[in-house]
Every structure is written in C-alpha cells, then in structure tokens.
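Assemble the dimeric complex from its two separately framed chains, guided by the hints.
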Amino acid sequence: MSTVDLPGQLAEIREDFLALEQPDRLMLLLEFSNELPELPERYRDHPDLFERVVECQSPVFIFVEVDAERAVHLYATAPAESPTTRGFASILAQGLDGLSVDEVLAVPDDYPQSIGLTQAVSPLRLRGMTAMLGRTKRQLRERVAALD
Amino acid sequence: MTVPTDPSETFSHYAHPERLVSTEWLQAHLGTPGLVVVESDEDVILYETGHIPGAVKIDWHTDLNDPVERDYIDGAGFAALLGRKGISRDSTVVIYGDKSNWWAAYALWVFTLFGHEDVRLLDGGRQKWIDEGRDLTRDREAAVPAEYPVVERSDAPIRAFKDDVLAHFGHPLVDVRSPEEYSGERTTAPAYPEEGALRAGHIPSAVSVPWARAAAEDATFRSRAELDAIYRDEAGLNGDEPVIAYCRIGERSSHTWFVLTHLLGLENVRNYDGSWTEWGSAVRVPIVQGSAPGTAPAAR
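Read top to bottom, the protein sequences are chains R and X.
All residue numbers in the first sequence are consecutive under the working numbering, ending with 1611.
All residue numbers in the second sequence are consecutive under the working numbering, ending with 1204.
Bound-form chain X, shown alone (with noise of 0.2 Å):
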C-alpha cells in the first residue's frame, strides 16, 4: 500500500480497518503522493458543485456501465479511465459520494472487479465532509495522466450471475432493496419512478435487510457490535456459507457487499448486479411475494 491506513480505534473493530478513513485522515492526507481521491455520485453534476479539493469524478453511468451492452466496461477501458483520472495500479484510492457512500461503495466494487488493491472508502462520505464545514472546490478536474495497466476483471469470486442465483438456493441470499420492494408491492424504491421490471416481490427465501440500516444518521457505517446484530444474529448470515446479495440494479447491493465483505469479514460474498430488473423480468424463474422469504426451490 502507498500511503499509510487510517489507525482510528473505531476502525479497528471492523474486519479490514484498512479499507475505511475518517475525514480527518482524508483532510490531513490530501495531497500526499500516491493518493487519489475520487467523487462518485448518483447525481451525476453533484460533483461539479463543489467537491473535496483535488478529487477526480468517476460516474457510475458514464464511466463504468458500458454504453451498449449491459456490463460493465472491459480491461482496455477500465485502464483508459483510471489513467484519464491520474490513478496507477499502485495508487491508494479513497472513494466516497453522495447517499451514504451508496454510489461509492459501488464504484469500489467495481475497482475490486479489476482487482485495484488499494482502495478504501471515506467513512460518512459527502454529506460527513460537507456538514463537518471541510473545504469544497468548484475547480475543474485537473488530473495529471498516469498509465493503468489493461488488467482484465475477473468477476467470479464477487459477482454473480442469475445463473449463479439459480445454483446458490439453498444457500443465503439478502435482498437489500425496501419492505415495499420486497413484498411485491413495488418494483422500485419508493419515490423512484417505476424502472423496467415485469414482476414484483423477491428472491425465494431471501432475507431482507434493507441496505441503509448498515448505516448511521451522519452516514458513517454504523458499529461493528450494531453491523454483528443485524447481519449474524437477525439475518443469520455468519460466514459459514457462500452468501449472493441484490437490489434494483446492484448498486444497493454493493454497499452491503462492503459491508459484508469488508466490515464484517465474511469470505465469499457475491453483488448479483442483474438483480431485480433481470431476476423481475425473466422468464420461468421463481418468485415469492409477501413479507415472508419463502422456502428455497431446489438447485439448479
């Protein structure tokens, strides 16, 4: 790693402190060689605002999505972007954004699909910074280019596909997404408009834990001992078994793909980006309504 991790106490709870700084840490570090700060939104000219002074912009729609197909870009492009931006295959990465670091804790999935080392997500993110009175910049992005090697993702151990879903019944799954979502009564976030899927309701015998409880009013990532009830004793989720989560369209998902993976520890965590907008609109795959999970169909 480049640049030193952030030795809070708090941090160290958590399964992989490395992963996390504090704005205090980003505001004493900015600057230091090696590091790159990167603003990932879902509003996508929240940025051009006012943003953390020297932070590049990474958009999770027209950046990481490819434009045509329904991925996300390859090696060639993933390179061409993180050079564009300033950031090496060594460079420490320290993401964070609007919504409780929703859409950054989904960039940072992304980087992992790559295998970017070193990157870490500023605990609170946009909203901690602003509303601690830190320094915003309305300067246009002036990165100095670097050269990323073409690395090319390698999606199996994090990402899953509807095929992998089918062959993981009997194993846990989390739907993410909210009660209203889950039980069938709408297929998209309340106050999101309605987003291209036939059917409502969840996953058989999903669990739902609605991904904003992992985090705290200040947008910070709630305790390790708080993050232990919700996910292992509630959810019941403790590491034992391979666990698949999902949202709307996977971004939801890979906030408590973070949490999981990096906050509790647990080993093999999978984000099924598809979700519901694949899993809602395919044909002939099973589906329960209601609040209750239901029981898993067989593995096929």
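Just chain R, same shape as in the assembly (with noise of 0.2 Å):
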C-alpha cells in the first residue's frame, strides 16, 4: 500500500471502507452507486466530451474538467445495471472533486486496492477503477496542457 499522504477526502473514504467487515463494505458501495452525481446540466446534452473507460466491462463514460480556480471536477455516467461500476465511478467522483491539479496527478495509481475491496469484488473489476483512475489524470495532463 501506498504511503504518500492523500487528499482528505480520498483518506476519509478508504478509512470509511477499512472500518466496516466484508458485507458492510459491499452496502458502503452500493451507497456510492446510489449516490453517483448526475452530470450537470451544461454536460447533459455533450456525449463527445466523455471518454469511455474501455476498461470497464460496462458503458462508463468520463469527462474531466478544471474550473477557473484550477480544481479539477471529474464527472462519469454508469448504467444502473452496473452498480458495481457505478460505485468505483461515484468514489472518484467524489474523492477527486474539488482538489488541485497535483493533487489529482499525486493520487496513488493503487487507491483502489488500497480500499479494502480486493476480497470482496474481483481483481477484474477492481482493474476497471484502476483504469478509470488512468484515464483522469491522462485527460487531466492533457486539459493542463491546453490551459497552459
């Protein structure tokens, strides 16, 4: 597991996931399914602006914007079939949102095994937050570049 000190709200989750047994972790993450924030109006109608995360067995699909104070916001549909998708979705979304650019592109490329997940969920699904995780700080290095 990673040392490097993470962003509050990142640590507040995984401390949030550590601190429940098996079953309970799996209902934290339904929670997040549930809770996966719709896109804001202004995205609603912009299917080329999302990326898909082909990683993900099912149609997940990002987009990561940096606001004028530069914190970044990232934002992702899921289909409901697919809570478990839905759930890593909701986790970055919300872990990610708010915080700086580098403190985006210093996030651990293992936070999601780092959440207490891996005996619970398969090491392919867990791989499709890995990926989506990738994915972010990749388009975020390449909004950086065209801001700067």
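No lab work stands behind these hints: they were computed from the structure.
All values derive from a computational prediction rather than experimental measurement.
Yeah, the Cβ is synthetic: ideal placement off N, Cα and C, and Gly gets one too.
Do not rely on the hints blindly, as some may be mistaken.
Claimed, not checked - Taking CB as the label site, the calculated pair distances span:
{"no.": "1", "chain 1": "X", "residue 1": "1146", "chain 2": "R", "residue 2": "1472", "range": "52 to 58 Å"}
{"no.": "2", "chain 1": "X", "residue 1": "1132", "chain 2": "R", "residue 2": "1497", "range": "54 to 60 Å"}
{"no.": "3", "chain 1": "R", "residue 1": "1604", "chain 2": "X", "residue 2": "1138", "range": "47 to 53 Å"}
Printed below as a string of structure tokens:
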C-alpha cells in the first residue's frame, strides 16, 4: 500500500471502507453507486466530451473538468444495472472533486487496491477502477497542457 | 423432485425440459415450500439494487470460489453456504442472473459438481423478469437456515483439467469466447481488461462458437431447432464423442455446457474451467492463432 499522504476526502473514503466488515463494505459501495452525481446541465447533451473507459465491462464514460480556480471535477456516467462500476465511478468523482491539479496527479495509482475491496470484488472489476483513475489523470494532463 | 416442473410447450422440445422454468411459472410458484430462488450475477451488488421477492444471493467470486487456491469450495464449504441460504439437499433450486444467465449457469454447474439434483435456470434470467414488469424487492436476504449434508465434489464427470484436455485431442473442443479472443487478437473479451494470460489464440482443433449465440435477444435460450443448427450441424457436435468446452475462466463455457448437456442432451460434456487464463499461460502447451481451428496434436 502506498504511503503517500492522500487528500483528505480520499483518505476518509478509504477509512470508511476499512472500518467495515466485508459484507458492509459492499453496502457502502452500493451507497456510493446510488450517489453518483448527475451530470451538470451544461454537459448533459455533450456525449462527445466524454471518454469511454474501455477497461470496464459496462459502458462507463468520464469527463475531467478544470474550473476557473484550477480545481478538478470528474463527471461520470454508468448504467444502473452495473452498480459496482457506478460505485467505483462515484468514489472517484466524490473523492477527487475540488482537488487541485497536482493533488489529483499525485493520487497513488494503487488507490483502488487500498480501500479494502480486493476480497469482495474480483480483481478484474477493480482493474476497471484503476483504469478510470489512469484515464482521469491522462485527461487532466491534456486539459492542463491546453490551458497553459 | 420437490416442486413440479414447468410443463411449457417450448421447453418440451429440449432434451431435459425439467431444467428450465419460465418467468410465469416462477411467479406462480414463488413461496412454494421446497423451492429456493437464487440470484447469481456478474455484478457483486446488483442483487441489492432489487431482486425477485424471497430470492437469496450466491456470488461466484465470494461464495463459490475458494479464497486461497484456484478451485471451488469443498464439500464442507458448500454445505455451510447452502445451509445458510436455506437450501436442503432435496430443495428445488431455481437460479437466475444478469447477462443472459451467464453467471447463473456457472452457479448451476458448480451445484452440479456437488450433485445437487434439482437445480434449474429461470429462462431469460433477471432481464426478462424486469422487462415484464414483475416485482422486485430490496428486502434484505431472509433465509431460514437449513441443514445441508457435506457431499464431496465429484469433478470428473463434468469438469476437465489441463491434462484432460491434452488427453482429449482428437475429440471435439469448443471455444466459446469472442472471435477476437479465439484468433489471438486479444486475450480478454472485448471491453474487458486484460486478465492474466501470457499468450493469445486457441487450443488446437477447437471450434469457435461464442456462448451468446445460444441466447436470444430477450436473454432466453434459443429454440431447440436453432440450437441444433448451431451446435450439431455447424459445429459438428453430434453426441457420439466426449466434448470439452472452455472460455477464459470457465463461466461463459458453463452456459454452453448447460446448453449442450441439458437442452441438446449430449452426454459426456465437460467444462474446462482453467480455460484460457491457464492454457494461455501454461508452459509447452500447443496454441493456434488465426480464425481456423488448426489440427489436433496427438493426445498425450
């Protein structure tokens, strides 16, 4: 597990998961799934902006935004019949929201493996979340390069 | 059998119609003593978002796989699991799930390793039940624990290991993965991440019949005539010889195993659950790339 200091909200999510017994961790993942934020109005009719996370088995799309204060926002869509994938997207969307560009880029790539779900969720599924994080960082680098 | 079978005309054309129930039948029989409904999905929390009233959940990864060795749970583990889920040895078990019953068929195959006699699939699975507007509930699982005996797994009749495949050359092999995995363009299903096979391609002489060809648009199984055309006429599986089916980890090929064994009535069909994640990483086993089956090496 990585020893880098995690941004507060990601650390909090990890602590929340690790404090629970295995079956309850899945219930928390379900809560995250239910809480995946709706897309803001301005992005609702712009599927062109969104990138498919092809590593996920279900259709998951993400879009990274850097706002005027250079804070990062991750928007994601995933189908209701894939709650696990929705849950992963929601953890990242909520965990990264409002962080600075540097903070997001410094999030350890093994964060998905560190939140206590490796027993309850198959390795294949967790790799989907790793891919989501990787694609988020790549998009972020592109956004920042375009801004500078 | 504890609960009567579904007498539907469609099912009567299959070799073992008692292995399927329709959504109408299940709706009418919910709550019947001796009947336990099991949901088994790819997605580990899909059950919690809504399930058939009274159904219990069995997860392929957390419940059926041994957490340490790459194997299934043993007799004691299976007895404890089924007891917890309120299933007795003489229960009628109806399994359903997502993705055209892909994982439900896998669970049914594992139940069969332990010789559970009366285990059936809900034709059309979770999708058809929902599409027909039938009830779902988010109630927590509330099984009344039952006594299930410790029965050791009997792998040989329906499960093949790598050495069995090497000894099987000259007899039919069915590769049920996608055409891209079969030809060797990739080692995982399209839209799935890479999962641990070092080489790509297929086992020599295996014919390619992607598993989902057996499922119709509404997730039900295709008719007997359609299945005969695919498996007997096209793939040449006429029932005279033993057959081994495989995929990536043995889940998709459980679906094909169900079709060949219970719907077409072929005898001596085995599922090679080591599948491509084992064969594609094993040392000194033959592999063929491209879309042609290739010739079978000598059996060893």
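How the hints compare with the structure:
1. X/1146 with R/1472: 52 to 58 Å: holds (57 Å)
2. X/1132 with R/1497: 54 to 60 Å: Because 45 Å falls outside the window, the suggested range is violated.
3. R/1604 with X/1138: 47 to 53 Å: holds (49 Å)
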